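*Asks:* Residue strings, one per chain:
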Amino acid sequence: MPTRTITLAYRKVLDVNSPKPWDKLVLADSYRELRMQAQLYNPGGQYRTFGELLHYVPGAEKLHFLVGGSIGGYVQQLKGVMPDIVNNVGRYFLKFTRYQFELINSDLHDPSKHQVAINFYTEPLHWHDTIASYLLVSDATAPAEANGEVLTHLFQLQPYLTIHSLRPAEPAATVG
Amino acid sequence: MGAASAPVLLAACGKDEVTPSTITTTTTGTGTTTTGSSSCTVAPTETEGPFPTHTPSSYVRSDITDGRTGYKLTVKITINSSPNSCAALAGALVDIWHCDAQGNYSEYGGTGMQSTNYTSVHFLRGRQTTDAAGLVTFTSIFPGWYSGRATHIHVHVYNASGTSLKVTQIAFPEGTGTALAAVNGYAKGLSGYTYNKSDNVFSDDTAGAEIATVTGNTTDGFVLTMAIAV
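Quick note, the sequences are listed as chains V and U, same order.
Quick note: the first sequence, position 28, residue 28 per my numbering, numbers continuous.
Quick note: the second sequence, position 138, residue 138 per my numbering, numbers continuous.
Chain V extracted, bound-state conformation (with noise of 0.2 Å):
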């Protein structure tokens, strides 16, 4: 079957709920960079909620990207390979170089109403095949063996993992 060129992109959700150190430090320290951050929009006060200052605040939608400062560290910590999501005999298989954060709700005087999330972008894969509801994917940038044999990965797709772009395949004649 012709292979076909995709990124994946995982939204990652941190909340309350999220149990690991990593999601903790992530959250602790993007609650309390939006408490000082959110005074530039909010002077007086009056505003409570991330949803409150988007909707009535100038420039509220900033915060993403200000906010976001907080935490390149603990992204840099991963070491370009994509948190919780596992191939088939379950290591960690997927490399990403590209992220966005992102507010999802908070409260500026409730901490366990913070919400954010990390969208994270993979490397390009080749997607070689559907078996039953595992895909077959290859690291696109790696090169293929003399005798052109390519390594594979077979994973599912999940909640919160999607296919975020797609090169359809290159017509069979110049692909050999």
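Calculated from the structure, these hints are not laboratory results.
Only a predicted model underlies this, so the values are computations on that prediction, with no experimental measurement involved.
Careful, some of the hints might be misleading.
What follows is a list of derived Cβ distance ranges for each label pair [as the list claims (entries may be wrong)]: (1) U:Asp63 / V:Val16: 31 to 41 Å; (2) U:Thr129 / V:Glu52: 27 to 37 Å; (3) U:Thr137 / V:Thr141: 34 to 44 Å; (4) U:Ala160 / V:Thr49: 18 to 28 Å.
Heads up, simulated BS3-like pairs for lysine-lysine below, C-alpha to C-alpha not over 30 Å straight-line [stated by the list, open to error]: (5) V:Lys113 / U:Lys166; (6) V:Lys79 / V:Lys62; (7) V:Lys62 / U:Lys166; (8) U:Lys188 / U:Lys72; (9) U:Lys72 / U:Lys197; (10) U:Lys197 / V:Lys62; (11) U:Lys72 / V:Lys62; (12) V:Lys24 / V:Lys113; (13) U:Lys166 / U:Lys197; (14) V:Lys20 / V:Lys113; (15) V:Lys62 / V:Lys95; (16) V:Lys62 / U:Lys76; (17) U:Lys166 / U:Lys72; (18) V:Lys62 / U:Lys188; (19) V:Lys79 / V:Lys113; (20) U:Lys76 / U:Lys166; (21) V:Lys24 / V:Lys79; (22) V:Lys20 / V:Lys79.
Backbone N, C-alpha and C fix where the C-beta goes; we use that ideal spot for every residue, glycine too.
For chain V, the structure is supplied; the task is to place chain U on it using the hints.
*Replies:* Coordinates of chain U only, in the frame set by chain V:
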């Protein structure tokens, strides 16, 4: 398998997935899949780690240049406490941000993705804590300008627990022999420039209280000093 495994998106059972609250996760992490489902995903089965460590906000740095080119500018801001006879305020957090030589802020790229190997996405933004003399020092570049505004640096001062004490802007001296004249608006020149007296933020500052002292030259760089009472 096959057609029977349609509800893929509702059947993830890996304990580390981010799942909606309606999905219970019971896998022990041994790599086995939950019985009774043909479309479960495998749980992570790897040596534990990496171990996250607390990392300060990427704003906390003295050099905020991030590879932006321009004439070097050292920014020295002293914070004084007006309720306390203008004594130096130690331990205050001071954020500054300003535009680059072309007049652009780093937030303009903020709605898109950022790359982990391009760490300067928050360029020309920084945070420092005042010392015993109330002083913070940043290394940056002389700001450019954009239509409608005089050259300026934004400042947000917080107390040690992050409560806002003051939001203000620093203006630059104008006229012959000033740093502003020496930099001459970088590549843009100063045609169409908005001077302090016409600026919508600084025009009411007839006493010049918001104007910093700026010394230096384009070869050695400039030093800006400013005292801000909060």
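*Asks:* Go through the numbered hints given earlier and state which of them the structure violates, listing their numbers in rising order.
*Replies:* As far as the earlier hints go, not one is violated by this structure.
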